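Going by the working numbering, the first residue of the sequence shown is number 1, and it counts up by one from there.
Simulated from the structure, these hints should not be mistaken for lab results.
This list has only true hints and no planted wrong ones.
Below, a list of computed lysine to any residue pairs in the SDA-like style, where the Cα atoms sit at most 20 Å apart:
hint: 1; residue 1: Lys37; residue 2: Ser51
hint: 2; residue 1: Lys37; residue 2: Ala2
hint: 3; residue 1: Lys49; residue 2: Arg30
hint: 4; residue 1: Lys5; residue 2: Ile47
hint: 5; residue 1: Lys5; residue 2: Asp33
hint: 6; residue 1: Lys49; residue 2: Asp39
hint: 7; residue 1: Lys49; residue 2: Arg20
hint: 8; residue 1: Lys29; residue 2: Thr15
hint: 9; residue 1: Lys37; residue 2: Met1
hint: 10; residue 1: Lys37; residue 2: Phe48
hint: 11; residue 1: Lys29; residue 2: Lys49
hint: 12; residue 1: Lys5; residue 2: Lys55
hint: 13; residue 1: Lys37; residue 2: Leu26
hint: 14; residue 1: Lys37; residue 2: Glu60
hint: 15; residue 1: Lys5; residue 2: Val59
hint: 16; residue 1: Lys29; residue 2: Thr7
hint: 17; residue 1: Lys55; residue 2: Asn12
hint: 18; residue 1: Lys49; residue 2: Glu38
hint: 19; residue 1: Lys55; residue 2: Val9
hint: 20; residue 1: Lys5; residue 2: Lys37
hint: 21; residue 1: Lys55; residue 2: Gly14
hint: 22; residue 1: Lys37; residue 2: Arg24
hint: 23; residue 1: Lys37; residue 2: Ser25
Distance ranges between label pairs, derived from CB positions:
hint: 24; residue 1: Lys16; residue 2: Glu60; range: 30 to 40 Å
hint: 25; residue 1: His17; residue 2: Glu60; range: 33 to 43 Å
hint: 26; residue 1: Val59; residue 2: Ile31; range: 17 to 27 Å
hint: 27; residue 1: Glu60; residue 2: Gly14; range: 34 to 44 Å
hint: 28; residue 1: Glu21; residue 2: Val56; range: 16 to 26 Å
None of these values were measured; they are calculated from a predicted model.
Ideal placement from N, C-alpha and C gives every residue a C-beta, glycine not left out.
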Amino acid sequence: MARLKVTQVRSNIGTKHNQRESLRSLGLKRINDVVVKEDRPEIRGMIFKVSHLVKVEEVE
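Starting from the given sequences, assemble the full structure and let the hints guide the process.
Given below as structure tokens:
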């Protein structure tokens, strides 16, 4: 199964509550935090919500 490397590149200050919660659920707390998650539909949905705040790379 593919894995996704998600990096927070912008601050969540001034964003909507559901976007802040999506970042928190992904495990991102501050700028330049990096997490590696399995490529699942639930994770893709959270990333889609905050796509303007994160950078996503595919990892093997």
